[in-house]
Amino acid sequence: MHELSIAYNLVEIAADAAHKAGAQQVASVHLRLGLLSGVVKDSLLFCYDIAAEGTVLAGSRLEIEELPVIVHCDECGADTTLETIQRLACGNCGALTMDIRQGKELSIDYLELETDDAAENTANSAGRTEQE
Amino acid sequence: MQPRILQIQQGVLNKNDEIARGLRARFAAAQVTTVNVVSSPGSGKTMLLQKTIERLIARGYRVATLVGDLETDNDARRLAEAGAPVRQITTAGNCHLEAHMIEEYLGDWDLEALDFLFIENVGNLVCPSSYDLGEAFRVVILSVTEGEDKPLKYPPIFNSSDLAVITKIDLAAAVEFDSEAAHASILSVRPGMSIIEVSAKTGVGMDAWVDLLIKRHKSE
Chain U
6 MHELSIAYNL VEIAADAAHK AGAQQVASVH LRLGLLSGVV KDSLLFCYDI AAEGTVLAGS
66 RLEIEELPVI VHCDECGADT TLETIQRLAC GNCGALTMDI RQGKELSIDY LELETDDAAE
126 NTANSAGRTE QE
Chain A
737 MQPRILQIQQ GVLNKNDEIA RGLRARFAAA QVTTVNVVSS PGSGKTMLLQ KTIERLIARG
797 YRVATLVGDL ETDNDARRLA EAGAPVRQIT TAGNCHLEAH MIEEYLGDWD LEALDFLFIE
857 NVGNLVCPSS YDLGEAFRVV ILSVTEGEDK PLKYPPIFNS SDLAVITKID LAAAVEFDSE
917 AAHASILSVR PGMSIIEVSA KTGVGMDAWV DLLIKRHKSE
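Chains U and A are the protein sequences, given in the same order.
The opening residue of the first sequence carries number 6 in the numbering used here; numbering runs sequentially from there.
The opening residue of the second sequence carries number 737 in the numbering used here; numbering runs sequentially from there.
Honestly, the hints are just simulated from the structure, not real lab data.
There's no promise every hint is true.
Cβ pair distances, simulated, as ranges [what the hints assert, rightly or not]: (1) U/64 to A/940: 54 to 60 Å; (2) U/103 to A/817: 37 to 43 Å; (3) A/767 to U/98: 37 to 43 Å; (4) U/105 to A/909: 33 to 39 Å; (5) A/940 to U/63: 54 to 60 Å; (6) A/873 to U/27: 42 to 48 Å; (7) A/794 to U/25: 40 to 46 Å; (8) A/823 to U/73: 38 to 44 Å; (9) A/956 to U/55: 37 to 43 Å.
Think about it this way: if two alpha-carbon atoms lie no more than 27 Å apart in a straight line, the pair counts; the simulated DSSO-like pairs of lysine-lysine are [unchecked claim]: (10) U/109 to A/751; (11) A/886 to U/109; (12) U/25 to A/751; (13) A/889 to U/46.
Listed next, the stretches of chain A that the computed footprint assigns to chain U, with coverage defined by at least 3 CB atoms under 8 Å from CB atoms of chain U [as the list claims (entries may be wrong)]: (14) 744-750; (15) 768-782; (16) 799-812; (17) 825-837; (18) 917-931.
Just so you know, even glycine gets a beta-carbon here, dropped at the ideal spot from N, CA and C.
Required output: the full structure, derived from the provided sequences and hints.
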């Protein structure tokens, strides 16, 4: 199971970004996961809490958006969404195709941060003062 | 506390991919053809590599191998008998190789002195599919004893490979292997993939396989 290793990579990137943004807490991490990425959603969810422990992501939710495979067909020109990854065939004319337009994603989309209101307000008013 | 959205838009395996790109550039500069070999455990990967290395050496090519295993260096010792330098990567429980392991274990190996570098990945049809190791191409092995529908059970690894080798073809009749069905399931998950059938034991198909490797090496 390589999902633990994937989870550690994910946490490292997200925690780094959260720190840079000055977040004290992260509510959720949003991931885009293609069905051909080779990563299993449930295993990744299971590993996430372990990887997040002791980081700014501890206690946050991992939200995974699963993306079906979309292929482009050279024969008829159609872009179709596959019902199954067991057959990479055009949904329109049935020709086999390796022109994969979606479905290999394994990327962090965005984080939902919880920031301290007071700190935020101070930062905002400081910004305004500078502008004035 | 107010929620705030922070856009990231970054690949989870960016770090691995970056190291892999660096490796690919090094391999290309040294004109060494790197082959990442993936399969399930017991598919005959080590035997195939052993016989492949012997044939390549006999034809004057310089070959080295990196072998990934959870534990033991048995495979490395078997491959060393074929006469090429071998380094063992013991992953200590990790189910796949990652690009940083390749970088680390290559160490001071003189890539200029090589024509082929084989990377025998950990026997596993799931995990290695996500990790680019900087290889020129990925070979997936399917033995006749595993069943013709295996590709349909593990689409990502077959889909991410460039070439399929069906091994232990000498046992095909005994296990009633349906070659046509196996080809159909491979092509269903990975349209257009070249498929070679071999028996490392009897030598059937080995010349075609080695010729293909050499052709690929010359085209680089």
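Going through the hints against the structure:
Take residue 64 of chain U and residue 940 of chain A: their Cβ atoms lie about 59 Å apart, and the range 54 to 60 Å holds. For the hinted restraint 37 to 43 Å between residue 103 of chain U and residue 817 of chain A, the CB-CB distance of approximately 38 Å keeps it satisfied. Take residue 767 of chain A and residue 98 of chain U: their Cβ atoms lie about 42 Å apart, and the range 37 to 43 Å holds. A hinted range of 33 to 39 Å for the beta carbons of residue 105 of chain U and residue 909 of chain A is consistent with their spacing of about 37 Å.
Hint check: residue 940 of chain A to residue 63 of chain U, Cβ distance near 57 Å, so the stated range 54 to 60 Å holds. Roughly 45 Å separates the CB atoms of residue 873 of chain A and residue 27 of chain U, a value that falls within the hinted 42 to 48 Å. Separated by about 56 Å at the C-beta atoms, residue 794 of chain A and residue 25 of chain U break the suggested range of 40 to 46 Å. A C-beta distance of roughly 41 Å is found between residue 823 of chain A and residue 73 of chain U, which places it inside the suggested range of 38 to 44 Å.
The supplied range of 37 to 43 Å is met by residue 956 of chain A and residue 55 of chain U, whose beta-carbon atoms lie about 42 Å from each other. This hinted pair checks out: residue 109 of chain U and residue 751 of chain A have alpha carbons roughly 17 Å apart, not beyond 27 Å. Restraint check for residue 886 of chain A and residue 109 of chain U: satisfied, since their Cα atoms lie roughly 20 Å apart, inside the 27 Å limit. Between residue 25 of chain U and residue 751 of chain A, the direct Cα distance comes to roughly 18 Å. Compliance with the 27 Å bound is thereby established for this hinted pair.
At roughly 16 Å between alpha-carbon atoms, residue 889 of chain A and residue 46 of chain U fall within 27 Å of each other, so this suggested pair holds. Chain U is given as covering the segment 744-750 of chain A, and this holds because 7 residues of the stretch bring a CB closer than 8 Å to a CB of that chain, at least three being needed. Here's how the segment 768-782 of chain A fares: 0 of its residues keep a CB closer than 8 Å to some CB of chain U, so the rule of at least three is not met and the hint is violated. Residues of the segment 799-812 of chain A with a Cβ under 8 Å from some Cβ of chain U number 0, which does not satisfy the need for three, so the listed coverage is violated.
Look at the segment 825-837 of chain A against chain U: 4 of its residues bring a Cβ nearer than 8 Å to a Cβ of that chain, three or more, so the hint holds. With a threshold of 8 Å between beta carbons, the proposed coverage of the segment 917-931 of chain A by chain U holds, since 6 of its residues qualify and at least three are required.
Consistency with the previously given hints fails for numbers 7, 15, 16, ordered from lowest to highest.
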